[in-house]
Amino acid sequence: TTFRPIASPPARSMADSRRWRSSTCGRPSSAMGLKVFPTAPMLSNTVTVFSVPDRLDGRQIVRAMYDRHRTVIAGARNRLNGRVIRIGTMGAIDEATILTDLAQLEDVLRHLGWPVAPGAGLVAATTCGIDRLDTDVTS
Numbered sequence: 005t006t007f008r009p010i011a012s013p014p015a016r017s018m019a020d021s022r023r024w025r026s027s028t029c030g031r032p033s034s035a036m037g038l039k040v041f042p043t044a045p046m047l048s049n050t051v052t053v054f055s056v057p058d059r060l061d062g063r064q065i066v067r068a069m070y071d072r073h074r075t076v077i078a079g080a081r082n083r084l085n086g087r088v089i090r091i092g093t094m095g096a097i098d099e100a101t102i103l104t105d106l107a108q109l110e111d112v113l114r115h116l117g118w119p120v121a122p123g124a125g126l127v128a129a130t131t132c133g134i135d136r137l138d139t140d141v142t143s
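In our numbering, each number is its position in the sequence shown, counted from 1, plus 4.
Hints are supplied without guarantee of correctness; some may be wrong.
Here are the in silico distance ranges between beta carbons for each label pair [said to hold, decoys possible]:
hint, residue 1, residue 2, range
1, Asn82, Thr131, 28 to 38 Å
2, Ala96, Gly117, 29 to 39 Å
3, Arg67, Lys39, 26 to 36 Å
4, Ala78, His115, 11 to 21 Å
5, Thr130, His73, 15 to 25 Å
These are calculated hints, taken from the structure and not from any lab test.
Heads up, the beta-carbon is just placed ideally off N, CA and C, and yes, glycines get one too.
Generate coordinates for the entire structure from the input sequences, incorporating the hints supplied.
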């Protein structure tokens, strides 16, 4: 009997991989009571942007992510200051990084008084396929 290796799925281009990571990071947003900003077709491949609910201030979320978890995310420096937060999805980002960011974001939102069920974003992320993230990319 001759054994043949199982064929690997084709590697994604870097642009396709970034697009997939960015869209996957945004999918659990509704489970956490957030909305992705802006809406398709204007979504970025390199960053996921969330609208911050009126009761919260994006600057507090950015600060609490760093203070509580030493995780750096960004807000906005224009008229959207305090109204959006941004999570980068470009570079050495894998599924563990995205899941960690989502878990920490859930923690911070709860800490700031936003009603998020523990694990809601993580469950949404894993059911939409983030746990099968293909990190094998070609340039």
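**Item:** Hint check for histidine 115 and alanine 78 - Cβ pair distance inside 11 to 21 Å
**Value:** With Cβ atoms ~19 Å apart, the hint holds.
**Prompt:** So the hint says 28 to 38 Å: do the beta-carbon atoms of asparagine 82 and threonine 131 match that?
**Reply:** holds, 34 Å
**Asked** Between threonine 130 and histidine 73, does the C-beta distance stay in 15 to 25 Å?
**Response** holds, 20 Å
**Request:** May I ask you to test the hint 29 to 39 Å on the CB atoms belonging to alanine 96 and glycine 117?
**Result:** holds, 33 Å
**Prompt:** Do the Cβ positions of arginine 67 and lysine 39 conform to the proposed distance bound of 26 to 36 Å?
**Reply:** violated, 21 Å
Violated hints amount to a single one, hint 3; each of the other numbered hints is respected by the structure.
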